[in-house]
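Chains as they are written, first to last, in this note's numbering: chain R, 1 to 146; chain V, 1001 to 1146.
Take the hints with a grain of salt, since some may be wrong.
Claimed, not checked - Reference excerpt, derived from the structure (chain V facing chain R, CB under 8 Å, subset only):
#, residue
1, Leu1029
2, Leu1045
3, Asp1049
4, Glu1050
5, Val1072
6, Ile1073
7, Pro1074
8, His1075
9, Pro1076
10, Lys1080
11, Phe1113
Worth flagging that the hints you see were computed from the coordinates, not collected in a lab. All C-beta atoms in this analysis are idealised placements derived from N, C-alpha and C, irrespective of residue type, glycine included.
Number of protein chains: 2
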Amino acid sequence: MVSRNEHAIRSSCPLACALDIIGDHWSLLVIRDLLLMGKHEYKELLESDEGISSNILSDRLRKLQDSGLLDVIPHPESNKRKLYFLTAAGKDLIHVLLALGRWSAVHRSDAIFVPEEMRARMAKGPEAFGKEVLRELAAWEKEYGV
Amino acid sequence: MVSRNEHAIRSSCPLACALDIIGDHWSLLVIRDLLLMGKHEYKELLESDEGISSNILSDRLRKLQDSGLLDVIPHPESNKRKLYFLTAAGKDLIHVLLALGRWSAVHRSDAIFVPEEMRARMAKGPEAFGKEVLRELAAWEKEYGV
C-alpha cells in the first residue's frame, strides 16, 4: 500500500488517485529509467535524454519514495553513493508504461524513435517484454541484497 | 497522427512523447470524463469531483485539441453551447486509463472509491469494459453526426 504524498488528494476516483502520485511531466520518466533502462544511481538518472534538472530529480525521487514507489540503499562500494530501486508498487507501473508506449507507437509514430536493441526486446509482445524486464530487476535485487 | 503541442518535445522516447501531451495533473482527468463519464459540455467537465478551475479546464481543452486528441462542434440545440468529443487518438487512451485504474485498485485500495454502477460494468474485465465504453461513444457520435 502506498502512502499519500504532499499533493492534496483530489477525489477518490482511482484514476485521480494514481495521477496524484505520478501525473506530472517527470515522475514516470524517472520510473522508466529505474524500470527499463537499468539505472540505479542519481548521476545515471540525471543523464537521461530529457535533461531533467537536479532539483526536479531530487524532488521527484523524494516524492516517489514518500509515496512508497521507490526506495534507496547505500551503495556497497561507496558510502557517498546511493542505489535507487522500485518497490513492488513502483514496478507494477510497467503496465501503465507499456500502454503509454503502445499509444505513442500508433499515434506519435512521426515523433518517436526506439533504439534497435529495445525494439528487438519489445517485438516479443508487451506481456513477454514486461516479464523479461521484471526478471532482470529481480536478478539485480538479488545481487544487491534488496 | 497527433500534432505537437506547445510543450517542448523533450526526447524521441515513446513514453516522453506521450507524457509531453498528457503528463500533467489534469489532462487525463478531462479525457476520463469525455471517455467514461458521458460528459460532452464545458459545464459538465467543470463540475467533476476534483474541482478543476475554469482557466485550467479551458487551457487543457485547447491543448488537447491542438494535439489532436479532442475536437469540438456547435451544440445542435444552442449556438452558445459546444460539444466536446475525443478523436480516435483520444479514445485510444482508454488502455492507459484502464492500466492506471488497475494499478490504483491494487496499490491505493485504501484511498479509492468506485461507485457500484461503475464497479458492475468493470467486473466484466478491462477488455470487455473498454469495448462497451467505445460502443457507447460510437452511438453518441452517430446521434450527433460526429
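Status of the hints after comparison with the structure:
Residue-level restraint check for Leu1029 (chain V) holds (minimum Cβ-Cβ distance to chain R is 6 Å; threshold 8 Å). Taken as an interface hint, Leu1045 (chain V) does not check out: its beta carbon lies about 14 Å from the nearest beta carbon of chain R, beyond 8 Å. Proximity of Asp1049 (chain V) to chain R holds as hinted, the smallest CB-CB distance being about 4 Å (cut-off 8 Å). For Glu1050 (chain V), the shortest C-beta to C-beta distance to chain R is roughly 4 Å, which falls under 8 Å, so the interface hint holds.
Because the closest C-beta pair between Val1072 (chain V) and chain R is about 19 Å apart, greater than 8 Å, the hint is violated. The restraint placing Ile1073 (chain V) at the interface with chain R is violated, with a minimum CB-CB distance near 21 Å, outside the 8 Å limit. Against a cut-off of 8 Å between C-beta atoms, the interface hint on Pro1074 (chain V) is violated, since the closest Cβ of chain R lies about 26 Å away. Hint on His1075 (chain V) is violated. Least Cβ distance to chain R is approximately 27 Å, over the 8 Å limit.
A cut of 8 Å between beta carbons decides the hint on Pro1076 (chain V): the least distance to chain R is about 29 Å, and the hint is violated. With 8 Å as the threshold, the beta carbon of Lys1080 (chain V) stays out of range of chain R, its nearest partner Cβ sitting at about 29 Å, so the hint is violated. The beta carbon of Phe1113 (chain V) comes within 4 Å of a beta carbon in chain R, closer than 8 Å, and the hint placing it at the interface holds.
Comparing the model with each earlier hint shows violations of hints 2, 5, 6, 7, 8, 9, 10; every other hint is respected.
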